[in-house]
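Undergrad: Throughout the sequence shown, residue numbering follows this note's numbering, covering 4 to 213 in sequence.
Any given hint might turn out to be false.
Calculated pairs, EDC-like style, for lysine to aspartate or glutamate (alpha carbon to alpha carbon, straight line, at most 20 Å) [claimed, not checked]:
| no. | residue 1 | residue 2 |
| --- | --- | --- |
| 1 | K79 | E140 |
| 2 | K79 | E31 |
| 3 | K145 | E75 |
| 4 | K79 | E32 |
It is worth saying that the hints were derived from the structure and are not from the lab.
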Amino acid sequence: MPRYVWLLVLAIFCPTPLHAEKAPSSIEELRLEATAIVIGTIHDIRIESEPSEFETGGGNKDWGIYLTLIIESAEKGAISPGQLIETRCFRIQFRTSMLEYLTPSGHSPIPSIGTHVRAYLAKNEMGWSVLLPNGIEVLSGKSDDAPEIAALNSRAYTYWLPIEAWFLLTVVIATSSVVSIILRRVRNRHSAEENRIEPQIPGEQSDSAD
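Kindly generate the complete structure, drawing on both the sequences and the hints.
TA: This is the structure:
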(Lines of atoms letter the chains of each structure in order from A; the text may use other names.)
(Lines give C-alpha, C1' and ligand atoms only; values in the text may rest on other atoms or scores of the structure.)
Protein backbone atom coordinates (compact mmCIF):
# COMPACT_ATOMS: atom_id res chain seq x y z
CA MET A 4 0.00 0.00 0.00
CA PRO A 5 1.40 3.46 -0.90
CA ARG A 6 2.83 5.44 1.98
CA TYR A 7 0.31 8.27 1.63
CA VAL A 8 -2.57 5.78 2.11
CA TRP A 9 -1.08 4.66 5.44
CA LEU A 10 -0.75 8.30 6.44
CA LEU A 11 -4.40 8.86 5.57
CA VAL A 12 -5.47 5.89 7.68
CA LEU A 13 -3.39 7.14 10.62
CA ALA A 14 -4.86 10.61 10.25
CA ILE A 15 -8.36 9.15 10.44
CA PHE A 16 -7.65 6.82 13.34
CA CYS A 17 -5.32 9.14 15.28
CA PRO A 18 -6.54 12.72 14.84
CA THR A 19 -4.52 13.82 17.89
CA PRO A 20 -1.28 12.59 19.46
CA LEU A 21 -1.62 9.60 21.77
CA HIS A 22 -0.99 9.88 25.50
CA ALA A 23 -0.72 6.61 27.39
CA GLU A 24 -2.83 5.95 30.47
CA LYS A 25 -0.91 6.97 33.57
CA ALA A 26 -0.26 4.30 36.20
CA PRO A 27 -0.97 5.15 39.86
CA SER A 28 1.90 7.00 41.52
CA SER A 29 3.56 5.99 44.77
CA ILE A 30 3.26 8.25 47.83
CA GLU A 31 6.89 9.28 47.36
CA GLU A 32 6.25 10.22 43.72
CA LEU A 33 3.16 12.21 44.65
CA ARG A 34 5.06 14.09 47.37
CA LEU A 35 7.85 15.01 44.99
CA GLU A 36 5.55 16.09 42.17
CA ALA A 37 3.03 18.04 44.24
CA THR A 38 3.19 21.82 44.52
CA ALA A 39 1.05 21.58 47.65
CA ILE A 40 -0.12 18.79 49.94
CA VAL A 41 -3.17 19.53 52.07
CA ILE A 42 -5.37 17.74 54.56
CA GLY A 43 -9.01 18.69 54.63
CA THR A 44 -12.63 17.75 54.04
CA ILE A 45 -14.55 17.74 50.76
CA HIS A 46 -17.15 20.48 51.18
CA ASP A 47 -18.71 20.58 47.70
CA ILE A 48 -18.55 18.91 44.28
CA ARG A 49 -19.23 20.79 41.04
CA ILE A 50 -19.33 19.04 37.66
CA GLU A 51 -18.95 20.69 34.24
CA SER A 52 -18.78 19.36 30.67
CA GLU A 53 -15.53 20.66 29.16
CA PRO A 54 -13.29 20.17 26.10
CA SER A 55 -10.83 17.34 26.66
CA GLU A 56 -7.53 18.26 28.28
CA PHE A 57 -5.49 15.54 26.56
CA GLU A 58 -7.41 14.81 23.34
CA THR A 59 -8.05 18.23 21.85
CA GLY A 60 -9.70 17.01 18.63
CA GLY A 61 -13.23 18.13 17.85
CA GLY A 62 -15.95 16.40 19.83
CA ASN A 63 -13.74 15.09 22.65
CA LYS A 64 -15.18 16.03 26.04
CA ASP A 65 -14.26 15.53 29.70
CA TRP A 66 -16.20 15.91 32.90
CA GLY A 67 -14.47 18.68 34.83
CA ILE A 68 -15.01 17.78 38.50
CA TYR A 69 -14.28 20.62 40.93
CA LEU A 70 -13.85 19.80 44.61
CA THR A 71 -14.11 22.50 47.24
CA LEU A 72 -11.87 21.57 50.16
CA ILE A 73 -11.98 22.99 53.68
CA ILE A 74 -8.29 23.05 54.58
CA GLU A 75 -7.32 21.65 57.95
CA SER A 76 -3.55 21.76 57.49
CA ALA A 77 -0.89 21.98 54.80
CA GLU A 78 2.05 19.58 54.66
CA LYS A 79 3.56 21.36 51.67
CA GLY A 80 2.91 24.69 49.98
CA ALA A 81 1.60 28.06 51.08
CA ILE A 82 -2.03 27.23 51.85
CA SER A 83 -3.39 28.39 55.21
CA PRO A 84 -5.64 26.29 57.48
CA GLY A 85 -9.29 27.36 57.37
CA GLN A 86 -9.17 28.29 53.68
CA LEU A 87 -11.66 26.97 51.15
CA ILE A 88 -9.94 26.09 47.88
CA GLU A 89 -11.34 24.61 44.69
CA THR A 90 -9.28 21.99 42.91
CA ARG A 91 -9.96 20.20 39.63
CA CYS A 92 -10.26 16.51 38.81
CA PHE A 93 -11.67 14.99 35.62
CA ARG A 94 -13.17 11.90 34.04
CA ILE A 95 -13.63 11.13 30.35
CA GLN A 96 -17.05 12.01 28.95
CA PHE A 97 -16.84 11.42 25.17
CA ARG A 98 -14.15 10.37 22.73
CA THR A 99 -14.29 10.36 18.94
CA SER A 100 -12.27 7.18 18.41
CA MET A 101 -11.31 4.00 20.26
CA LEU A 102 -7.63 4.92 20.22
CA GLU A 103 -8.36 8.16 22.07
CA TYR A 104 -9.52 6.10 25.04
CA LEU A 105 -5.87 5.04 25.53
CA THR A 106 -5.22 8.45 27.07
CA PRO A 107 -5.46 9.23 30.81
CA SER A 108 -9.02 8.44 31.88
CA GLY A 109 -9.05 10.71 34.92
CA HIS A 110 -8.74 10.72 38.68
CA SER A 111 -9.69 7.88 40.99
CA PRO A 112 -11.08 7.81 43.55
CA ILE A 113 -13.16 10.99 43.75
CA PRO A 114 -14.94 10.50 47.08
CA SER A 115 -18.13 12.01 48.49
CA ILE A 116 -18.79 15.30 50.24
CA GLY A 117 -17.73 15.05 53.88
CA THR A 118 -14.81 12.68 53.24
CA HIS A 119 -11.57 13.50 55.07
CA VAL A 120 -8.72 13.43 52.56
CA ARG A 121 -5.12 14.25 51.85
CA ALA A 122 -4.85 15.92 48.44
CA TYR A 123 -1.71 16.20 46.34
CA LEU A 124 -2.08 19.34 44.25
CA ALA A 125 -0.41 21.08 41.32
CA LYS A 126 -0.69 24.78 40.56
CA ASN A 127 -1.40 25.93 37.00
CA GLU A 128 -2.68 29.05 35.29
CA MET A 129 -6.28 27.95 35.89
CA GLY A 130 -5.80 27.29 39.60
CA TRP A 131 -5.30 24.10 41.60
CA SER A 132 -5.63 20.60 40.18
CA VAL A 133 -5.30 17.16 41.75
CA LEU A 134 -2.33 15.10 40.55
CA LEU A 135 -3.16 12.29 38.16
CA PRO A 136 -4.35 9.68 38.63
CA ASN A 137 -4.50 9.01 42.39
CA GLY A 138 -3.81 12.39 43.96
CA ILE A 139 -6.59 12.02 46.53
CA GLU A 140 -5.81 9.87 49.55
CA VAL A 141 -8.81 9.00 51.72
CA LEU A 142 -8.02 9.36 55.43
CA SER A 143 -11.47 8.59 56.80
CA GLY A 144 -14.73 7.75 55.11
CA LYS A 145 -15.54 5.65 52.07
CA SER A 146 -12.92 5.46 49.36
CA ASP A 147 -15.52 4.78 46.66
CA ASP A 148 -16.52 7.37 44.10
CA ALA A 149 -19.19 9.84 45.16
CA PRO A 150 -22.68 8.86 43.87
CA GLU A 151 -22.75 11.83 41.47
CA ILE A 152 -19.39 10.74 40.05
CA ALA A 153 -20.42 7.09 39.68
CA ALA A 154 -23.56 8.21 37.84
CA LEU A 155 -21.66 10.15 35.18
CA ASN A 156 -22.15 9.01 31.60
CA SER A 157 -18.62 8.18 30.50
CA ARG A 158 -16.71 6.04 28.02
CA ALA A 159 -19.20 6.94 25.29
CA TYR A 160 -18.48 8.05 21.73
CA THR A 161 -19.12 11.53 20.35
CA TYR A 162 -20.86 10.26 17.22
CA TRP A 163 -22.54 7.18 18.76
CA LEU A 164 -19.95 4.84 17.22
CA PRO A 165 -16.15 5.25 17.18
CA ILE A 166 -14.75 6.85 14.04
CA GLU A 167 -13.04 3.53 13.21
CA ALA A 168 -16.46 1.85 12.97
CA TRP A 169 -17.84 4.64 10.77
CA PHE A 170 -14.79 4.29 8.51
CA LEU A 171 -15.31 0.53 8.18
CA LEU A 172 -19.04 0.98 7.57
CA THR A 173 -18.27 3.47 4.81
CA VAL A 174 -15.85 1.02 3.19
CA VAL A 175 -18.38 -1.85 3.42
CA ILE A 176 -21.23 0.25 2.00
CA ALA A 177 -19.06 1.61 -0.83
CA THR A 178 -17.76 -1.88 -1.69
CA SER A 179 -21.28 -3.35 -1.63
CA SER A 180 -22.51 -0.57 -3.91
CA VAL A 181 -19.71 -1.17 -6.42
CA VAL A 182 -20.27 -4.96 -6.39
CA SER A 183 -24.03 -4.44 -6.82
CA ILE A 184 -23.48 -2.14 -9.83
CA ILE A 185 -21.05 -4.62 -11.44
CA LEU A 186 -23.42 -7.58 -10.94
CA ARG A 187 -26.36 -5.60 -12.33
CA ARG A 188 -24.38 -4.68 -15.45
CA VAL A 189 -23.29 -8.29 -15.94
CA ARG A 190 -26.91 -9.48 -15.67
CA ASN A 191 -28.07 -6.79 -18.10
CA ARG A 192 -25.34 -7.76 -20.58
CA HIS A 193 -26.29 -11.45 -20.41
CA SER A 194 -29.94 -10.59 -20.85
CA ALA A 195 -29.17 -8.44 -23.89
CA GLU A 196 -27.07 -11.21 -25.45
CA GLU A 197 -29.85 -13.75 -24.94
CA ASN A 198 -32.39 -11.41 -26.56
CA ARG A 199 -30.15 -11.05 -29.66
CA ILE A 200 -30.14 -14.83 -30.25
CA GLU A 201 -33.28 -15.71 -32.27
CA PRO A 202 -34.66 -19.14 -31.54
CA GLN A 203 -34.65 -21.56 -34.55
CA ILE A 204 -38.09 -22.89 -35.55
CA PRO A 205 -38.07 -26.67 -36.17
CA GLY A 206 -38.42 -27.54 -39.90
CA GLU A 207 -37.60 -24.02 -41.02
CA GLN A 208 -34.25 -25.06 -42.52
CA SER A 209 -35.71 -27.97 -44.53
CA ASP A 210 -38.53 -25.83 -45.89
CA SER A 211 -36.04 -23.29 -47.11
CA ALA A 212 -34.05 -25.99 -48.91
CA ASP A 213 -37.15 -27.14 -50.81
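Undergrad: Does the alpha-carbon distance linking K145 and E75 stay inside the 20 Å limit?
TA: Given pair K145, E75 holds - Cα atoms ~19 Å apart, limit 20 Å.
Undergrad: For the pair supplied as a hint, K79 and E32, confirm whether the alpha-carbon distance does not exceed 20 Å.
TA: holds, 14 Å
Undergrad: K79 and E140 were given as a pair; does the straight-line alpha-carbon distance stay at or below 20 Å?
TA: holds, 15 Å
Undergrad: Is it true that the CA of K79 sits at most 20 Å from the CA of E31?
TA: holds, 13 Å
Hint compliance for this structure: every hint is met.
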